[in-house]
Structure formats: C-alpha cells, structure tokens
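J.: For reference, the chains in residue letters:
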Amino acid sequence: MTEPPARRMGDLPSRGTPYGQGSSANLADILERVLDKGIVIAGDIQINLLDIELLTIKLRLLVASVDKAKEMGIDWWEHDPSLSSRADDGYRSLTDENKRLRAEVEALREGGEALTAGDEESEVPAPRRTSPARRSAPRGRKRDES
Amino acid sequence: MTGSLTYAYAVARDDGSLREVVSGLVGVVGAPVGLVRAEACEGLVAAVSQVPEQDFDEAALRVRLEDLDWLEATARAHHRVVDALAARTTVLPLRLVTMYRDEERVRAMLVTRCGAFVSRLEDLAAQVEWGVKIYVEEPAAEATPAPDPGAGLSPGRAYLSHRRAQRHAREASYRHADEAAGRVESAASAYAVDRVRHRAQQGGPASERGENLVNDAYLVPLRHAEDFRADVARSANGLPGVRVEVTGPWAPYSFAAPAAPEPPGRSGP
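Those protein sequences? They're chains S and W, same order as listed.
Letter 34 of the first sequence, counting from 1, is numbered 34 in our numbering, and no numbers are missing.
Letter 257 of the second sequence, counting from 1, is numbered 257 in our numbering, and no numbers are missing.
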C-alpha cells in the first residue's frame, strides 16, 4: 500500500493487452455493468426511471444477445411504433409499452421460460403506479440470493 | 439551435498521467475525451466528452435507449473510456448516460461529492474486478448415445433407458456445477475481498453453450489477481458438463457504489 495505484495498475500485464476486455468483451457482460452497476448520480438530464425499467425488462428478454436475437429474426423493437423516433409523445407510449412488456414477461415466465429477473432492489426502484405485483419476481430473487 | 451536453464516464484521481491517457481517446459518438478537474478536491477528475444536445437530451434518450444498436455502440464506447482509465489508475465508473449541462456542472458535482469519491477510490485502490460465470452444458449427443438396436431391448425399453441416461447425465452436471461453485468460493475466500451477484444470463449464444447458473463479480487485490484467475479457471477441471468462464480484469463497475446495507428480511450468502 505504499506505491501509487497508478504504478501498480500498470504492473498488471493483462491490462491493455488483447487478453483484457477491450473491445472484444461480451456485450451482455458490458451491459450488465454499465447499465446495472456503476455509480448512479442524478445528472442534469433526468432519465425517467420508467424508461430505465422498460429497458432492463427488454434486456432481460434479450440479454446476452442482441446479435443473436437479430440473427434469429427477433427484432420486434425495430417495428414497434411506440419505439420509433416519436420523441414528442414518447412518454405516454412508453408507459403503455411498459404495461405490454410486463404482460409479455409474465407470459414468458408462465410459459416455462427460464427467464430470470434478479437484483431488482439495486437497479430499478419500482414505480408505484404500475402493476406492483408483477414487480416482485420472487423466482429471480431466489436465484439471485442462493 | 442545438448546443452540446457533457457526458461523464468516470471519476478518478489524477497523478498527472491521465492527460496522456485521454489524449486521442474517443468516447461516445466519436467525441474526444477530456478531463474536468476539481481544484477544490485534490486530484479529483472526471472523464467527459461533449455530445450533441439533440441526441442526448431527455426526449432523445428515451427513444435512443431503446435502440439496441445505439445502446450497444454507446455502451461499448463508455466501457472503452472506463477501461482505458482503469488501465492506469483506480476509477469509479459512472452509470451509462450520466449527463450534465456543461463542464462547470460536472466540476460542481465533483466538489460536492469530493469526500465520498476520494474515500471510495481509496477503498478500491489496487483492486480489479473479475467476472465468474458457471455454466451447465447441454449433455453432448455422444455422451448419451441412442441405444444400439442390437442390444436386445425392445424399442420402448431402449427409449426409456436412453432417457434415463440423459437424465442422469444432466443431474450429474448440476452436481458438478455445485462442486465447481464450491471451488470458486474457496478461491474467493483465499483472494477476493468482495463479491456481487449478477443475474444469470439467459438466452442468446450463452444458452446455446449451456445454462448459466452463476454470474458473479469478485473484487480482488491486484497482487492476487492472477492467482485468483488461475484457480477459478481450474475449478471445472475433472467435472464433466460444467464450464467456468472468467472475464476481466474489469474496472470495479460492480463495486463502485459502496455496498448498500442488506434490506431487512433478506440474508446474504
């Protein structure tokens, strides 16, 4: 603990070499870190929590692979009218979309899909106004805490 | 008229070498990365870029965060900047799209949170994050061959016997995964100072290569980083049907925010 951190970091041979994460890191690994982790500071631009929650739900459906989803022809988000550049009324339509996605997530769960939603408490304070019951995801927690 | 906003990637303490690190470094939307210094907070800097307001204001972000191509490009650019800084010094990565009106606002934020940032940076100094994922692989076809028609079993019994063999292979794989998880924990108890559980990854290429059962991040002192990685990488040895993946070293994304107290009624592992 006497050397400056910079020096010690520089001594790790893997850093900055192709073996490190660099640009080849798996997208899912990056997304779960840059979206779910890291320090959350309310900057000057307020991202509505509802939007973030929507995003994470979608990522749960798709995570681990946007590329693969596209490959498989799953690209409904690109055709969803509420998601195509309608920034002006985006808020209302995203609220509707959020409800619809919750229903889809629920349907997938009931359909026996091993869809795991975990870690809720650390990332998305549940908005009180929409379907609180579906928010709890007990199965996800179990997995998460086991 | 469109102006620009300031995108903040990470907070670090500059020992004088970070200017060189960010020189030539490109962030989101291809913008050059610079440093905002908080003179009032010793050595504290934030890595930032200027980005077009029209693409990063609230309304635009609401739409763009749903555009997975945009999201991927932005996430990768964000990670690239964090990673470049982390190669040189301890960093606190900020969450994706942490936006400010201008650099003055970033500076004010640094000063306001000076104590907390400095203290967390000290906690995380000389440590790296490793990701550890444990998969149960689908039993390979050759591991449970279809019964030989000449084996003297009726087709019905042959089918049942085949199914039983498959089930046993799968059960064994899960038992092996438990054992691998135990070995990872033991490597962790020797070397790691903290752990965060991420949710298991589902779907996509990950599921093709098996079911992801464990997806954890460990905070490991640099002096043990390679030992930890090597021990964990070995933890599936001799355990058929199990794969352990180690990713990293990462900047301490999963540990940047100090651990929140456990909510009541829940117990950690």
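Think of the hints as simulated: they come from the structure by calculation, not from any bench.
Where hints are given, some of them may not hold.
What the hints assert, rightly or not - Here are the simulated SDA-like pairs of lysine to any residue, each with C-alpha atoms no more than 20 Å apart in a straight line: (1) S/Lys-99 with S/Arg-109; (2) S/Lys-99 with W/Asp-67; (3) S/Lys-99 with W/Val-63; (4) S/Lys-99 with S/Ile-41.
These figures come from a predicted structure and were not determined experimentally.
J.: With a cut-off of 20 Å on the C-alpha distance, tell me whether S/Lys-99 and W/Val-63 pass.
T.: 17 Å, holds
J.: Can you confirm whether the C-alpha distance between S/Lys-99 and S/Arg-109 stays at or below 20 Å?
T.: 15 Å, holds
J.: S/Lys-99 and S/Ile-41 were given as a pair; does the straight-line alpha-carbon distance stay at or below 20 Å?
T.: Outside the cut-off at roughly 27 Å; violated.
J.: Take the C-alpha atoms of S/Lys-99 and W/Asp-67, compute the straight-line distance between them, and say whether it is at most 20 Å.
T.: Measuring from Cα to Cα gives roughly 19 Å; hence the hint holds.
Consistency with the previously given hints fails for number 4 only.
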